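There are 2 protein chains.
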Amino acid sequence: MKIIPLTEDVSLKRSIDQGTEEQRKAVSEIVTTVRQEGDKALQQFTEKFDGVRVSDLLVTNEEITKAYETVSEETIEIIREARDNIRDFHARQVQQSWMTTAANGTILGQKVTPLDAVGVYVPGGRAAYPSTILMNVVPAQVAGVERVVMTSPPQKDGTLNDVVLVTANELGVKEIYKVGGAQAIAALAYGTETITAVDKIVGPGNIFVALAKQQVFGTVAIDMIAGPSEIVVLADASANPEYVAADLLSQAEHDPMASAVLVTTDAHVAEAVAEEVKKQLETLPKREIAQASMDDYGAIYIATSLSEAVDAVNELAPEHLEVVVEDPWAVLPLIRHAGAIFLGEYSSEPVGDYFAGPNHVLPTNGTARFSSPLTVEDFTKKSSIISYSKAAVKQHGEKISAFARLEGLEAHARAIDYRLKEK
Amino acid sequence: MKIIPLTEDVSLKRSIDQGTEEQRKAVSEIVTTVRQEGDKALQQFTEKFDGVRVSDLLVTNEEITKAYETVSEETIEIIREARDNIRDFHARQVQQSWMTTAANGTILGQKVTPLDAVGVYVPGGRAAYPSTILMNVVPAQVAGVERVVMTSPPQKDGTLNDVVLVTANELGVKEIYKVGGAQAIAALAYGTETITAVDKIVGPGNIFVALAKQQVFGTVAIDMIAGPSEIVVLADASANPEYVAADLLSQAEHDPMASAVLVTTDAHVAEAVAEEVKKQLETLPKREIAQASMDDYGAIYIATSLSEAVDAVNELAPEHLEVVVEDPWAVLPLIRHAGAIFLGEYSSEPVGDYFAGPNHVLPTNGTARFSSPLTVEDFTKKSSIISYSKAAVKQHGEKISAFARLEGLEAHARAIDYRLKEK
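Which chain is which? The protein sequence lines are A and B, in order.
Start counting the first sequence at 1; every next residue gets the next number (the numbering used here).
Start counting the second sequence at 1; every next residue gets the next number (the numbering used here).
It should be emphasised that the hints constitute simulated quantities derived from the structure, not laboratory data.
Keep in mind it's a predicted model, so treat the numbers as computed, not measured.
Treat the hints with caution; some may be incorrect.
Any copy will do: because identical chains look the same in the list, a pair fits if it lies in one copy or spans two.
Here are the simulated lysine-lysine pairs, BS3-like style, with alpha carbons at most 30 Å apart [unchecked claim]: (1) Lys-2 <-> Lys-421; (2) Lys-399 <-> Lys-66; (3) Lys-2 <-> Lys-278; (4) Lys-423 <-> Lys-394; (5) Lys-399 <-> Lys-279; (6) Lys-13 <-> Lys-25; (7) Lys-174 <-> Lys-40; (8) Lys-25 <-> Lys-156; (9) Lys-25 <-> Lys-2; (10) Lys-423 <-> Lys-286; (11) Lys-423 <-> Lys-278; (12) Lys-394 <-> Lys-278; (13) Lys-48 <-> Lys-174; (14) Lys-278 <-> Lys-390; (15) Lys-421 <-> Lys-279; (16) Lys-399 <-> Lys-286.
Take these sequences, add in the hints, and give me the full structure.
Structural data, given as structure tokens:
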């Protein structure tokens, strides 16, 4: 890893795959075809892209039962415990509708309503990602969304991964469709004979899924389009280089474009971490990916003071931030921009990826400056409530009319005037 | 207005100006030029589009003082009272950071942080829109945003509208720039010598402003791209046709593409409202606009029951909904999709546009299915807090490693394992 003295121009090297013109065109065609031809198009695209003909898109109870045969009781117990932790944390995010009343009869308020229907996209590929299901489905359920639908591309044999099915079932998800890619996103946005359209689509995916989500945005809501994963570790002399290196590598193994950065006030820690990264890389199964990430996007910055280091962290606005200093809680109030903040040397990032409870869907690419982790609120919307009594209109009506006329909106003013003329 | 029996296929006719290819290209060039050339480009575009050379973009104290000379004390008092009402309502939306602790030393939480800097775009044109300033600036200030900047296109004499300046000053906005259009949005997103970049841009504008906001989205956050205004009135036999007609027209006068729709269970009310609309239109200053809106986007639907009418309202998911029935509070729980809900015949929509307190920036174009009014939360972001103790890692670490391995992420698992091996 490069060791660099911290200058004012600190920045995370970041790349986001925006897709090629060709990919955008391909996605646009898929979306249009699914919108026009429904299930037939879903089956054709699935045959083309996933190499399997799926006659029935909906996962059956038999398939779920069968999936349990291959998943160990121990694994199921871990999934359940993670689920319960995630539920417990997100339950604390639930917002109440509220109102305020005034003696003149005015009632104002804010009504919180869960979305009607949400679609969760779960990527396919060789590995199963039960944590994706937990992190996207649980907040929707906690929000009170009645219909939570899942889609995932089928494997070559036409089934979904057993762990995926078991995790979905442990959450009580009843509607699971064996369809992936841009065609799944189109189906969720516009509906087909089998799949009723939803109001919001969440969950990660490849570039085709991301481009499809961008294209249907507006017809439905979408979550963020996530960039490659990022970690910044803020460390002083007290940090354990072995832990720091391991945590940097845990992000680096995700993606050759993932960013793993150390900002430290201690030159010895910088060197020891660089050494440890080298050593730990040697035996890592995803060594090539992690090595590429470290070479191209990794860096160790040396700051001359903790305050300078904190400024750098805020400048970077990372997705994940670990604060590994003697008194991490003293640093917390100074952190302005980070998706998730891990405090102290035992708060290794994987603790938050799977188990602790907070969401692992976090703002990437510097958007922690203005974006938040996925929350229960993302699965609700608000309506303002305004109830004015006759007395309230009599009391304030003339001011409201005058304001409307100030903006040149006479019909607005008259709507109030009609109410004022009545005794 | 057309009177139509309610069928299952109820829909608001809606149009959104997406801009032409030419407009998108023009905006893209403006944004690029401002990004490269800074203030110089701002001045050139202002000369070109606003027909005035503005040497100093920043509004001076002298300009503010002068603005007060032409605005009446009465107007200022109304603006202040509206400001206080809006502040009071939005103060109730403020969220607290929170945490939860467990006996094993785990601390989890959510930190709420205001955005660093927000830019509010205020449209120019013949009329002044002080309500736009109030509704966009107040929630940002209540959220705790330290730097709230305003931009607005200069008038032909190089100044801003006096009411705009007075309103901004009554809110304590110190940074006001005389620049509008796509060039203002580019300056807010990328910064120039004079204007430091912000983190989020809010406020309405013409198609050039909307397209520029779309183009800078990602670099900064933006609010919604608003479509034409919409109102749906849900009325039974108890409704006063004069009031209903006036409220429909108050939306129609905004825009020839605005939608004003009545859904009623009473055929007599339907006819009486149609009659009243005709009558009230005759003397309206913006008669042509309102007439065009009513002809092209207006409709009166007759429902056979209140329940059918409510279903139609939810299907329409309007920006503004007035519930003018005998017992509006009995209907409220049934309303799932509406930006703002006005209850009872005295809750005329203009009450909410200017004065009552709730925000008038509301989801249009059916997005009330999944979007909310502008809130204080839109000017904050959250960070998750995760602090695991040594004891907590010892207790749960093996499960976390196992979960990581389930997903094929060995470096994640090892990051935990390193902590477990220590006594």
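Going through the hints against the structure:
1. Within a single copy, Lys-2 and Lys-421 get their C-alpha atoms only as close as 77 Å, which misses the 30 Å cut-off; across copies the closest is 29 Å, which meets it.
2. When the C-alpha separation of Lys-399 and Lys-66 is checked against a cutoff of 30 Å, the pair qualifies only between copies, where the shortest distance is 24 Å, while the shortest distance within a copy is 69 Å.
3. Proximity of Lys-2 to Lys-278 under the C-alpha cut-off of 30 Å is restricted to the intra-copy arrangement: shortest distance 12 Å within a copy versus 75 Å between copies.
4. With identical chains, the CA atoms of Lys-423 and Lys-394 are at most 30 Å apart within one copy only, with a shortest distance of 9 Å there and 74 Å across copies.
5. For the identical chains of this complex, Lys-399 and Lys-279 are inter-copy neighbours only, at 25 Å across copies versus 73 Å inside a copy, given an alpha-carbon limit of 30 Å.
6. Both within a single protomer and between protomers do Lys-13 and Lys-25 lie at most 30 Å apart by alpha-carbon distance, with minima of 28 Å and 29 Å respectively.
7. Taking the shortest alpha-carbon separations for Lys-174 and Lys-40, only the intra-copy value of 23 Å comes in at or below 30 Å, while the best inter-copy value is 59 Å.
8. For a Cα distance limit of 30 Å, the shortest separation of Lys-25 from Lys-156 inside one copy, 26 Å, qualifies, whereas the shortest one across copies, 44 Å, does not.
9. For the identical chains of this complex, Lys-25 and Lys-2 are neighbours neither inside a copy (40 Å) nor across copies (41 Å), given an alpha-carbon limit of 30 Å.
10. With identical chains, the CA atoms of Lys-423 and Lys-286 are at most 30 Å apart between copies only, with a shortest distance of 28 Å across copies and 79 Å within one.
11. Taking the shortest Cα distances, Lys-423 and Lys-278 sit within 30 Å of each other only across copies (25 Å), while inside one copy they are farther apart (84 Å).
12. In this assembly of identical chains, Lys-394 and Lys-278 lie within 30 Å of each other by CA distance solely across copies; the values are 27 Å between and 76 Å within a copy.
13. In this assembly of identical chains, the alpha carbons of Lys-48 and Lys-174 lie at most 30 Å apart only when taken from the same copy (27 Å versus 59 Å across copies).
14. Only between protomers do Lys-278 and Lys-390 lie at most 30 Å apart by alpha-carbon distance; the minimum there is 26 Å, versus 75 Å within a single protomer.
15. Within a single copy, Lys-421 and Lys-279 get their C-alpha atoms only as close as 84 Å, which misses the 30 Å cut-off; across copies the closest is 17 Å, which meets it.
16. Proximity of Lys-399 to Lys-286 under the C-alpha cut-off of 30 Å is restricted to the inter-copy arrangement: shortest distance 21 Å between copies versus 68 Å within a copy.
Checked against the numbered hints given earlier, the structure breaks only hint 9 and satisfies all the rest.
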